[in-house]
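Novice: Here are the chains, one letter per residue:
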Amino acid sequence: GEDVEQSLFLSVREGDSSVINCTYTDSSSTYLYWYKQEPGAGLQLLTYIFSNMDMKQDQRLTVLLNKKDKHLSLRIADTQTGDSAIYFCAENPSRNKLIFGAGTRLAVHP
Amino acid sequence: DARVTQTPRHKVTEMGQEVTMRCQPILGHNTVFWYRQTMMQGLELLAYFRNRAPLDDSGMPKDRFSAEMPDATLATLKIQPSEPRDSAVYFCASLKTANSPLHFGNGTRLTVT
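Protein chains in written order, with my numbering: chain W, 1 to 110; chain V, 111 to 223.
Isolated chain W (complex conformation):
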């Protein structure tokens, strides 16, 4: 079946690194995505990784993919208060459909 799981909460100190983890079930997903949702707004695409890659880095963001374990992680370096949001992991088991996790609420404190 199609299922994406994430831990619900993460609290970090400003300046530290944040690591948000996700597991998915469908190995046929071509891409895996991370979306960010700020209060009162829709989901915004943060980054994505092609399924044949292990790692993707984009400024402060690093995505790691372990396809064997179906595990995806998002690392945010030097976490800032503006990074406080809900982060959603998503897989695309079919080309036109995304399945989202429940979201991880990241709280950044001074």
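Treat the hints with care, as some may be off.
[To be verified] Straight-line alpha carbon distances no greater than 35 Å define the calculated DSBU-like cross-link-like pairs of lysine-lysine that follow:
(1) W/Lys68 <-> W/Lys97
(2) V/Lys121 <-> W/Lys36
(3) V/Lys206 <-> W/Lys97
(4) V/Lys188 <-> V/Lys172
(5) W/Lys67 <-> W/Lys97
(6) V/Lys206 <-> W/Lys70
(7) V/Lys172 <-> V/Lys206
(8) W/Lys97 <-> V/Lys188
(9) W/Lys97 <-> W/Lys56
(10) W/Lys36 <-> W/Lys68
(11) V/Lys206 <-> W/Lys56
(12) V/Lys206 <-> W/Lys36
(13) W/Lys97 <-> V/Lys172
(14) V/Lys188 <-> W/Lys36
(15) W/Lys36 <-> W/Lys70
(16) W/Lys67 <-> W/Lys36
(17) V/Lys172 <-> V/Lys121
(18) V/Lys121 <-> V/Lys206
(19) V/Lys206 <-> W/Lys67
(20) W/Lys36 <-> V/Lys172
(21) W/Lys97 <-> W/Lys36
(22) W/Lys56 <-> W/Lys68
(23) V/Lys206 <-> W/Lys68
(24) V/Lys121 <-> V/Lys188
(25) W/Lys56 <-> W/Lys67
(26) V/Lys121 <-> W/Lys97
(27) W/Lys70 <-> W/Lys97
(28) W/Lys56 <-> W/Lys36
(29) V/Lys188 <-> V/Lys206
(30) W/Lys56 <-> W/Lys70
Worth flagging that the hints you see were computed from the coordinates, not collected in a lab. Owing to the predicted nature of the structure, the values given are computational and were not obtained by experimental measurement.
Following the hints, position chain V against chain W.
Specialist: Leaving out everything else, chain V in the frame of chain W:
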């Protein structure tokens, strides 16, 4: 910067009333999705269209919900009659081609009393 536009942003209505939510996808995007977000259920896919034709509406309660795309620039989601349990944020999203990123609107926050 092209955006998905949803109206209204907020809607408060009484139980039993009809609710219509509208979405304007990004120009040139041929696939449109409706999602519902609640604290309890998270983000649920209700229905989606490609080239205005419904592809999957299995996530939608058929007795009271209906989704349509009268033209390529407008998607609608109707609830009739509305119930308190329909209170949620409803998101529209669109994408250009398969595997391209999904772009979300800012949602319609619906409260049914």
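Novice: If you check each hint against the structure, which ones fail?
Specialist: none
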